[in-house]
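> Sequences are here, hints too, so could you generate the full structure?
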Amino acid sequence: MPEQGGRRQRNQLTHLLRGLAFIGPNLALFLVFTLGPALFTLALAFFRWDPFGTPVFAGFENFNRLMADASFWYYLGNTLIFMLGLPISIAGSLFLAVVLSQKLRGVLAYRTIFYLPTITNGVALFMLWRVMYNKESGLINSLILPLLQLLGVHGHDGAPITAQGMPDWLADAWTIHGHSIYLAKPALIIMSIWISVGGGNMVLYLAALAGVPPDLYEAAEIDGATRWQRFWDITWPMIAPTTFFIVVIGTIGGLQGGFEMAYLMTHGGPEESTTTIGYYIFSKAFIDFEFGYAAAISFVLFAVIVLVTMLNWRFGTRARDY
Amino acid sequence: MLSMRKPSLETRSELPWLIALIAAVLGGWYLYNRQVLGIYPLDASEHGAFHVITYGSDPNPSRAGQLSKFNQYYRKDSLKVCLVPGGSDGSTLITTSCAGTAPDIVDVYDQEDLRTDIRKGLARPLNEYLKASHIDLEAITWPARLEALRQPNPRWRPGEPPLDRYTYYAVPNNMDVPVVFFNASLYQQVKAEHLRTGQPMPPEPWLNWTWWDYAALARSLERRSDDGRILSFGATAPKIELLAIEIGMSMRGENRARFEHLSAQERHDLHLGDLTWDQCVSIYQPDERSGGGYRPFPNREGLRQALQFCYDLVEVLHGAPSSSDLNQVASSTSYGFEAGFGQFTSGMLAMHTTGRWFLGQIRATCAFDWRLVRMPRWVPLDQWQSWQQRGLAADQRDGEWGEREHPLRGFGLPLGGRMSFISSSSRDPARAFKFLEYLATNQDFNRILLVEDGMGADMHIALDYLAHGDPLFPEEGRNRPVEHELGTLARLYARPQWPYTNRMLGRDQAYLDMDSAFSQPEWRERAFQKGGVRIDYAAASRLFTGTALSSPDVGAALADRLVGKFADGLALGRALDAEPQVQGPSRATLAALLTLGVLIAALGARLWPTRRSDA
Chain A
1 MPEQGGRRQR NQLTHLLRGL AFIGPNLALF LVFTLGPALF TLALAFFRWD PFGTPVFAGF
61 ENFNRLMADA SFWYYLGNTL IFMLGLPISI AGSLFLAVVL SQKLRGVLAY RTIFYLPTIT
121 NGVALFMLWR VMYNKESGLI NSLILPLLQL LGVHGHDGAP ITAQGMPDWL ADAWTIHGHS
181 IYLAKPALII MSIWISVGGG NMVLYLAALA GVPPDLYEAA EIDGATRWQR FWDITWPMIA
241 PTTFFIVVIG TIGGLQGGFE MAYLMTHGGP EESTTTIGYY IFSKAFIDFE FGYAAAISFV
301 LFAVIVLVTM LNWRFGTRAR DY
Chain B
1001 MLSMRKPSLE TRSELPWLIA LIAAVLGGWY LYNRQVLGIY PLDASEHGAF HVITYGSDPN
1061 PSRAGQLSKF NQYYRKDSLK VCLVPGGSDG STLITTSCAG TAPDIVDVYD QEDLRTDIRK
1121 GLARPLNEYL KASHIDLEAI TWPARLEALR QPNPRWRPGE PPLDRYTYYA VPNNMDVPVV
1181 FFNASLYQQV KAEHLRTGQP MPPEPWLNWT WWDYAALARS LERRSDDGRI LSFGATAPKI
1241 ELLAIEIGMS MRGENRARFE HLSAQERHDL HLGDLTWDQC VSIYQPDERS GGGYRPFPNR
1301 EGLRQALQFC YDLVEVLHGA PSSSDLNQVA SSTSYGFEAG FGQFTSGMLA MHTTGRWFLG
1361 QIRATCAFDW RLVRMPRWVP LDQWQSWQQR GLAADQRDGE WGEREHPLRG FGLPLGGRMS
1421 FISSSSRDPA RAFKFLEYLA TNQDFNRILL VEDGMGADMH IALDYLAHGD PLFPEEGRNR
1481 PVEHELGTLA RLYARPQWPY TNRMLGRDQA YLDMDSAFSQ PEWRERAFQK GGVRIDYAAA
1541 SRLFTGTALS SPDVGAALAD RLVGKFADGL ALGRALDAEP QVQGPSRATL AALLTLGVLI
1601 AALGARLWPT RRSDA
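Chain order of the listed sequences is A and B. Each residue of the first sequence is one higher than the one before, starting from 1 at the first, in my numbering. Each residue of the second sequence is one higher than the one before, starting from 1001 at the first, in my numbering.
Hints listed in this document are in silico derivations from the structure and should not be mistaken for laboratory results. By construction, the Cβ of each residue, glycine as well, lies at the ideal position given by its N, Cα and C atoms. Certain hints may be false.
Partial list, derived from the structure: chain A residues whose beta carbon lies under 8 Å from chain B [as the list claims (entries may be wrong)]: (1) His267; (2) Ala303; (3) Leu307.
Here you go:
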């Protein structure tokens, strides 16, 4: 009937307007502060612009320069090396979550303690680790030195090793077959693992573990499954969507990350060994004022992230959909 | 009884409440900022009674006194200046200038920043105002500073006003010269310890001390606990550029005519090669081969010696903290003048090389006996070694570099400091200029600066002040002997400008990179390889007993590295200052973008059905 049809249409329109009214503010902010700048960045990649003057169209100049920029490729390599900590961090988070989901006395306190690094100010953490990595008086070397002395390790000069002979974790390099291996890289990876292992990933895993139906475990137990079999055949597949989510988010974060620790702890050094793509984008945009070039790097990074995320979706789906 | 309700945000009546809540939060936030925190300025014009000049600068406490003096003087003209803290910060200035809301007057701390501001049209020309006010900056201020403030006017013809030979863009606000602040209390404490244990102690700094005396003193004043913890640092490492120029001055000597007639053997002995008088102290030299480019550090030997000295001071003598040492105190790592101010005022750093404008802060902060000392000068190591071996005291040092014959040989200082310009955003530049006039010519302002800051723009007031003791600060007689300051001022030079718009691409970044370069093990290995050791200090001086300085190879390698960084920066700066040419994609770009695009499209095509089935 036409009258009913008209009323339905009016209702639909009202619903639509009401829905738009709710998402409107969010949509407006998204357009202004996210999509707009993203499109602006994409356009800017084709211009030469320092923020004082008018952008000048330069075609593919920035991209051509990027392809020939040895620093970019080196920093991309650094970024990928830093991401090697991701699987360890995820495994650590899962292990912690499994332990902390047990019925232990004071489990809440443990959960809080492990989550503390995540809610602590990043700057404070980085400065703390900088002091811990100090050559002469840092905690790390203070723990290692007595062990080395106990084992009778000698320094380069043949005398028993002292604090002066210990490695400077944020500055030294070991030369192996003529190649310098900078200690700052593993040092920062270890620190990142420490910071992230008890953080958001652990909380996600705790939530996922709580969602696994207990009757599955009961049934498996009746069937005589061992603890490992229960974990591998029930827990792991049941929390696969969470793992998948963490891997995707962690990969994206890893490709974008590394700026804060490099800025605060090493200034990207020694010998640019801790400069990541994120740090490079910052220095090009806000130190060198090469916004066009920084935009081109951001654009390429964006494309790489999209690609890696799609690869994750493509090849991680089976694990996720157990 | 359970009531089944729709989720609350879908009920019609709650939308206005939500909007009202958001409005209340935002409005409350604004009012809190305005009324409680006072972030948004209140009516500074006092209902239009005053014309307000806004002044972007740092909120240094001494600024308050300077501004209140202006407001006192110009009250009759209904003028008032208000500080905009941080209004001169680079990123803030960019955004406010784009919006046309930058402060009327802006401070700039670096000559390259001023050049950039001029090039981008952020700074207004001042010639008309200078002429109208009869201000001749050439007569008022320091010659070494003028080139930073002005640019040659190619349209000027003889017969036109001489002032128009240049376009002036800024006036000097304060003048800054590097000095060494010395912790005399710490010295006495360490000296007593050394006397108790029978160790030698170098003398306190004196007027014509050298960088080697500085190094010896720095080494003596560095103290560590048994487990390697830093108790006090000796000194900060000098700026490489300053040292390279001083070494260049030392190499070329005092007499230009004599330099021109040096024999081949003499030039060889002085490591001069084919350097000209100017090239001895140049940081960048126009390079005719590259058609308008620049060649960094033509005096490579001077640079090599400067880097060798810094390396030895930091890594061998441990007189200045390495980046690892600075990590112990969670400080920033930089071989700059500003690094270490906190350590000095806390008594942890014995000698702090910094700008004279820290004088007021150090006077107000330090709870120990301190001295203000002139910067050291450069003499060749073998000359210093010879004095040490013969045990010559400070006033007995002889020879070509001796204090009697040539007390200023190898001595020179850059004159830097803050400058102020009228921003393009200023709606009333004529009134704004009144503040610049005050900075450049007002005697009270200039005197305030001398006591609390660096030195004022007015050279004559500064010279007059330094030539007489200050009755307000009688202890200054000890910290600031007259010949000390005037000797310093006689050797001021303009710091060489980075030739391209973007200095960070080259100069600063290249120097910053030396932080990590010094601590690389490859230098350490090379420094002490067999037969490469330069000098055994045990033979030269008891001050460095048992210490050998590193091989000259290290200085050469570090110089190569620094020159390489500079050359890269210069090339990039030149390319970026040139007009861009529209380019098509190169083969590599095309291949990379196509690969990315194809992979994303292919994966997207594979994933799309999966996502739809998921839905």
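> Go through the hint on A/Leu307 and say holds or violated, using the shortest Cβ distance to chain B against 8 Å.
Check passed: Cβ of A/Leu307 comes within 6 Å of chain B, closer than 8 Å.
> Let's test the interface hint: is any C-beta of chain B closer than 8 Å to that of A/Ala303?
With a closest approach of 5 Å, the A/Ala303 hint holds.
> At a threshold of 8 Å, is the proposed contact between A/His267 and chain B supported by beta-carbon distances?
holds (7 Å)
Checked against the numbered hints listed earlier, the structure breaks none of them; every hint is satisfied.
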